[in-house]
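Here the sequence shown stands for residues 197 to 461, where the numbers follow our numbering.
Hints listed in this document are in silico derivations from the structure and should not be mistaken for laboratory results.
Cβ atoms here follow ideal geometry from the backbone N, Cα and C, with glycine treated the same way.
30 Å max Cα-Cα, derived DSS-like pairs, lysine-lysine:
hint, residue 1, residue 2
1, K332, K388
2, K309, K332
3, K342, K332
4, K367, K309
5, K367, K388
6, K342, K301
7, K323, K367
8, K301, K332
9, K388, K342
10, K342, K309
11, K323, K309
12, K323, K342
13, K367, K332
14, K342, K367
15, K388, K301
Simulated DEER-style distance windows between Cβ atoms:
hint, residue 1, residue 2, range
16, A273, L437, 41 to 47 Å
17, A273, A306, 17 to 23 Å
18, A273, E450, 27 to 33 Å
19, Q217, Q277, 32 to 38 Å
20, A424, A286, 27 to 33 Å
21, E281, E431, 39 to 45 Å
22, M407, T236, 18 to 24 Å
23, K332, D266, 16 to 22 Å
24, K388, H412, 18 to 24 Å
25, K301, M407, 21 to 27 Å
26, A223, A427, 16 to 22 Å
27, Q217, R305, 37 to 43 Å
28, E313, Q217, 39 to 45 Å
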Amino acid sequence: MPYIDTHTHLDFAAFDPDRDQVLSDCARLGVERLVVLGVTRSNWEGVWRLCQQHDNLFAAFGLHPMFMADHQPEHIAALQQNLAERLSAAQCCAVGEYGLDYWDKRANRAAQKQLFEAQLQLAVDCKLPSLLHVRKAHADVIATLKRYRPARGGVIHAFSGSPEEASEYRKLGFKLGLGGAATWPQAHRLRKTVAALPAEQIVLETDSPDMAPAFHAHQRNSPTLLPAIAAALAELRAEPLDQFSARCWQNSCELFQWPCAADQI
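Build out the structure end to end from the sequences listed, making use of the hints.
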């Protein structure tokens, strides 16, 4: 059965030794489409170049809140230009990765919010989905999304919030990205939430090379693990794997406005 990895960083150096082999293995395992996300201005070109080399890779461009020291005020204008130049290309699929990260209590929240809102406005203007990084910041993200109401919605990457927050995101048209985190037995609250989520709100992701699943602990994560992650999540939800995977595939296709047939890339 086919899969879509909605969140990868295949351009990162961790994949330099065997990137082509990873992609070959993905094809063999049914991981048909993969989204590669930009996180700073310096890696946008590499992301785009990689996606141009492979028809099943799709690019998103953003300014990640964990790299605030790398971002400059002029990078928003650069992002706007970058999106404008590539918006007509089928492989430009979203704005991201961007969002809010309040994990570090020393974080400059005001600066993050300013950058977040500027990118959200670009997503609205370009009519693109948003691939959002949200950590310890759901209340602020939800409040901001309610003000901007982006028509294309997007994905809350690595969702770890509450059922109530999941419901608010659903009303705003946002899918929830699930990957390796929910495979860890000690993630009791997350696993309980994932088991009860509406099927139409879930998309699959790996965040490779980070966030490895429990069965691949302390190793490089890879999109080749997506089918096994899907199997673990389906079991957690007491749902047949083929039914769960087909629904996740459909959800991703609807979000990115892609054809649902696996051979229509």
